[in-house]
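Chains as they are written, first to last, in this note's numbering: chain A, 5 to 319; chain B, 109 to 632; chain C, 100 to 375.
Since the hints were derived computationally from the structure, they do not count as laboratory data.
Do not take every clue at face value.
Stated by the list, open to error - Which residues of chain B face chain A? A partial, calculated answer using Cβ under 10 Å:
no. : residue
1   : ALA170
2   : LYS186
3   : LYS190
4   : VAL195
Since the model is a prediction, treat every value here as computed from it, not as a measurement.
Just so you know, even glycine gets a beta-carbon here, dropped at the ideal spot from N, CA and C.
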Amino acid sequence: MTFAWLIRRLLLMLYTIVIVGVLVFAITQALPADAAQTLLGENASQEALAAVRARLGLNDPVWLQFVDWATRAVVGDFGVSMRTGLPVAPEMLTALSRSLLLAVCALIVTVAVAVPLGIFAALGQGRLADTVTSVVAYLGVSLPEFVTATLLALLFTDRLPWLPATGYVSPLEDVGSAIGHLVLPVLTVSMILVAHVMRMMRSETLDVLQSDYVRAARLKGLPEHMVLARHVLRNAMLPVITIIALDVGYLLGGIIVIEEIFAIPGIGRALMIAITTRDLPSIQAGAVIMAVTYALSNTAADIVYALLDRRIRYD
Amino acid sequence: MIPALAIENYGLDYVTPAGPVAVLRDISLEIAAGQVLGLVGESGSGKSSLAWALMRHLPRNAREVSGSLRLGDVDLQKLTPKQLTEVRGRRIGMVFQDPSTALNPTLTIGRQVTEALQRHRGLRPREANALAIELLGHVELRDPAGIMRRYPHEISGGEKQRVVIATAFGCRPDVILFDEPTTALDVITGARILDLFARLRAETKVAALYISHDLAMVTRVADRVAVIRYGRVVEQAGGSEIFRAPRTAETKALVASVPRPERRLVNDKPNETVLLAASRIDVHYGDRGLFRVAPPPATHAIDLTIRAGEILGLVGESGSGKSSIARALTGLARFSGDIFYAGRTLHSGQDMNAAYRRDVQIVFQHPDSSLNPRQRIGEILSRPLKLYGGNPADISRLLDQVRLPAAYAQRFPHQLSGGEKQRVAIARAFAARPKLVICDEITAPLDVSVQAQIIDLLLALRAETGAAYLFITHDLNLIRQIAHRIAVMRRGGLVDCLPVEDFDADHVHPYTSELMAASPVPVG
Amino acid sequence: MIELLIRLMRRPQGAIGLALLMLLAAVCLLGPWLAPYAPEKMDFLGRFRAPGWQNWLGADQFGRDVMSRLLVGARATIPMALAATLIGTAAGAMIGTASAYLGGRLDEIIMRTIDAVMAIPGLLMALLLVSTLGNGAGNAVLAIAVAFTPSMSRVTRAVALNVRHQDYVKAAVARGEGAAWIIIREMLPNVMGPIVIETTIRVSFAIMLFATLSFLGLGAQPPASEWGLMVAEARQYMHQAPWVLIAPSAAIALAAIGFNLVGDGLRDALNPRDER
């Protein structure tokens with residue numbers, strides 16, 4: 005991995021963040037003919053509309069609005085919530101931290117379950133275990149998160165009342181209760197991610213198993229366990245990082261629904277509340293923060309992958 | 109004395125959805141200790157399947173229907189998986205066709221060599237390391253210790269193949285199987301590998317099964333040669349004998365197809381009028397990306413002239429730029445320089461008018477990608493006819509000209525064989541009644557016998573229409589049979605451009621002599 | 100075409116998928132006539148009735164027959180998802196093909212920008228658009244179409260580039276054919292196959308995305324019997340009447356699986372021909 009490559013990759017991330025900013029701003033503020041009207045609804049009085057326009061600077065030309073917004077956003081000032089009157093950014097970041105806890109737990113569970121399952125399925129290709137896992141994976145990918153979440157909630161809180169249905173407890177307060185509240189959401193998210201990651205791991209491992217170099221290793225007379233450990237697993241594990249990075253994006257989308265259903269005050273829920281109450285600054289902040297998180301995780305994944313894979317020197 | 113390898117009446121099927129397909133039948137071969145047996149066959153003959161059968165690495169749908177495989181005193185078919193891992197590598201080794209995929213890209217070279225040595229020669233890591241360095245030096249690799257630390261992508265194809273050979277020989281097996289070890293390499297690199305093989309074989313007295321499609325090459329390295337066709341061995345004889353005195357009809361046909369430079373197929377002299385002259389051609393690929401600089405030109409100021417009705421051969425190894433010239437002349441690649449044709453000067457692809465594009469046609473290398481898979485043959489041929497003012501009803505005549513049945517017009521490309529697809533591509537080129545046809549390695553992916561037929565066809569078409577050819581190839585023997593003049597390219601530059609009669613004189617460029625020495629001329 | 104269908108049905112995945120799709124098509128076309136009750140018909144005596152001969156799939160909190168709502172709701176779910184996918188594919192195909200054809204720096208800029216746009220996850224993009232355009236099924240369709248455009252343009256570009264580099268396209272260029280002829284006659288027929296496969300699989304995502312939007316209250320609005328909306332409404336009562344929840348969930352799953360299977364089956368069916 006050369007220095008030039010690293011610089012290029014970071015510049016790309018910067019470009020991504022800029023485009024995200026432009027897009028979020030364009031959709032939420034520039035697109036509506038009268039954003040104030042959209043925010044307040046049809047029955048708003050003229051004075052209220054004028055007040056909102058003044059407060060949000062909607063009377064200025066669009067490009068000026070954008071520059072104004074962008075320069076403040078860069079330093080983390082997304083304005084003040086129209087609903088609560090409090091600064092948006094700190095709230096959103098706190099919400100993000102809760103979501104990250106959920107996300108990280110889900111990723112750990114996913115990797116721990118899906119990677120071995122995927123490899124296992126590939127090793128037993130065509131046999132019963134493989135077919136079963138493939139079918140289950142297929143189902144997992146074909147169910148929207150809200151369906152899985154609701155069904156799981158039905159199962160675990162109604163039929164087998166083991167877990168609290170909704171709510172969130174910070175681990176800083178009470179670890180046991182926190183874990184109890186996290187189990188269902190993490191389980192839901194993980195189920196879908198596992199299905200997805202497992203399919204990819206299986207296909208990657210199959211590719212490695214059928215490669216010429218694994219064949220060459222076998223024909224050199226190496227015992228099977230050595231072929232698996234030294235040649236198959238090493239190479240099959242390499243794309244795991246890329247797969248995980250791709251799933252972070254999916255995770256962020258799914259988190260919105262999961263937090264809605266399980267009433268977890270993370271960034272997804274905050275975004276939904278912002279959308280339903282038409283709190284423009286919060287919507288903008290939430291969207292930008294989510295997208296930037298995705299861009300950061302992708303960049304990190306690319307860098308880690310480049311460090312591990314010696315063949316990547318250029319783009 | 110027990111033979112090192114004894115195959116007796118061996119038969120193999122692959123079970124497909126359409127029923128069992130016979131891959132090998134009644135194969136009986138023997139290799140005595142220290143002997144080299146060459147196995148020659150065209151694609152689909154089953155020769156590689158025999159190697160996989162010997163290594164016990166058959167696909168899941170393989171069924172052995174008869175016969176026995178014995179490695180010395182060991183019955184290969186009766187080995188348990190555990191016993192197999194002890195026999196593979198230690199008693200029977202293998203060198204593969206494509207060295208770049210036979211090595212694990214994420215492990216160092218050293219690791220991949222020492223793991224075999226540790227396994228089969230019971231060495232401790234440090235001893236294995238030392239032995240590995242010694243072996244790599246023995247196969248003429250420079251800086252063996254450095255190579256041990258590198259990864260496969262950091263060394264060249266020829267070097268990788270030497271590593272694989274060193275590993276195979278290092279385990280001191282009784283027999284080594286070589287599955288087309290030089291096919292994926294350049295001509296000169298391949299020749300050097302062959303020399304290495306001869307030397308190692310003489311030193312270690314290992315027995316070998318050398319599989320190839322190239323009869324000429326095999327006769328140089330093997331004591332005995334067996335010819336295999338459609339899964340059966342049609343003839344076995346000593347190396348030189350099989351060329352001098354083939355007995356069966358199939359072998360005779362195979363021998364007759366092998367290009368031999370002394371057998372000229374073209375005996376006329378073209379006239380002196382210059383048809384096309386290219387001057388100082390630099391071919392440029394790749395635009396500047398957002399962050400990348402443009403790559404250097406693929407060719408350096410190439411000058412070429414082609415006379416009316418002549419066959420000009422353009423020879424070079426991969427990366428020499430010969431295909432780039434073809435693309436420049438047909439406007440498929442950007443170039444700087446001039447092309448003089450029919451009284452006009454062309455500075456770029458834009459200057460090529462309809463008349464030029466009609467007169468200068470190209471036939472591509474890969475039959476699979478040169479015909480649109482969604483169009484029928486008739487449609488593919490009717491387009492150039494319409495474009496160049498021919499009669500669409502001439503399709504049957506065109507197909508007839510390339511010796512294909514008129515009914516093929518209704519077929520799709522995937523229903524034709526590789527050789528037939530190339531004929532259609534040639535017909536497409538001749539639909540325009542061209543003055544110059546550029547053939548860009550058109551016979552490289554084809555079997556030798558099919559190649560001979562295509563060459564025959566090209567010469568017949570030339571006799572009919574008087575077209576000139578720019579024949580691009582890496583096969584020097586082939587081009588010496590048909591060309592009037594030969595140009596040799598190397599790394600983007602023109603090294604030689606001589607009449608064919610002057611080709612074995614001493615005033616060729618050293619690179620050209622190297623190329624000539626590396627092109628195997630069959631003994632006998 | 101017929102040959103393709105036959106080859107599709109040879110594999111079990113393809114056959115099952117095709118069967119599911121035909122079922123869906125039948126329900127979409129004939130739903131209202133097949134439904135035993137009117138979907139809005141409330142029956143307060145039959146509230147939360149368990150599945151039985153009167154209501155095959157049970158009744159919801161207003162006594163409405165679940166199966167009837169499901170059958171009619173297919174029209175609110177599937178055609179919307181199809182429309183969104185087709186619009187997204189069309190838009191993506193134009194961008195992707197243009198980018199592939201232009202090549203060079205322009206292509207790289209366009210693709211980097213598309214990558215940046217994809218940093219906003221699909222659901223988030225759809226949510227942002229709906230929050231601006233307003234709630235409702237039509238806006239949801241538009242939002243999903245826009246959310247799909249970047250990824251479809253990536254796919255199209257990859258396929259177009261692959262085809263562009265084939266020798267038969269080069270042969271056409273060498274003949275001096277015009278750009279339009281090359282794109283339409285040489286490239287397009289070969290690009291269609293992979294695009295159709297990708298589009299079919301995307302429909303299953305669109306179904307799930309559309310249902311999700313409705314679930315969140317931003318897509319179809321009550322009293323429509325869109326399947327996602329049905330799940331949302333059923334949540335409150337899931338302890339009393341789980342069938343009200345399970346039926347639309349299963350319907351969504353089956354629809355998504357059907358399109359997925361057919362997409363995968365098409366991929367297998369289109370392949371062996373090239374291998375020969």
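Going down the list of hints, with the structure as the test:
1. ALA170: With a closest approach of 15 Å, the B:ALA170 hint is violated.
2. LYS186: Violated. Min distance 17 Å.
3. LYS190: The hint holds - B:LYS190 has a Cβ within 10 Å of chain A, the shortest such distance being about 8 Å.
4. VAL195: holds, 7 Å
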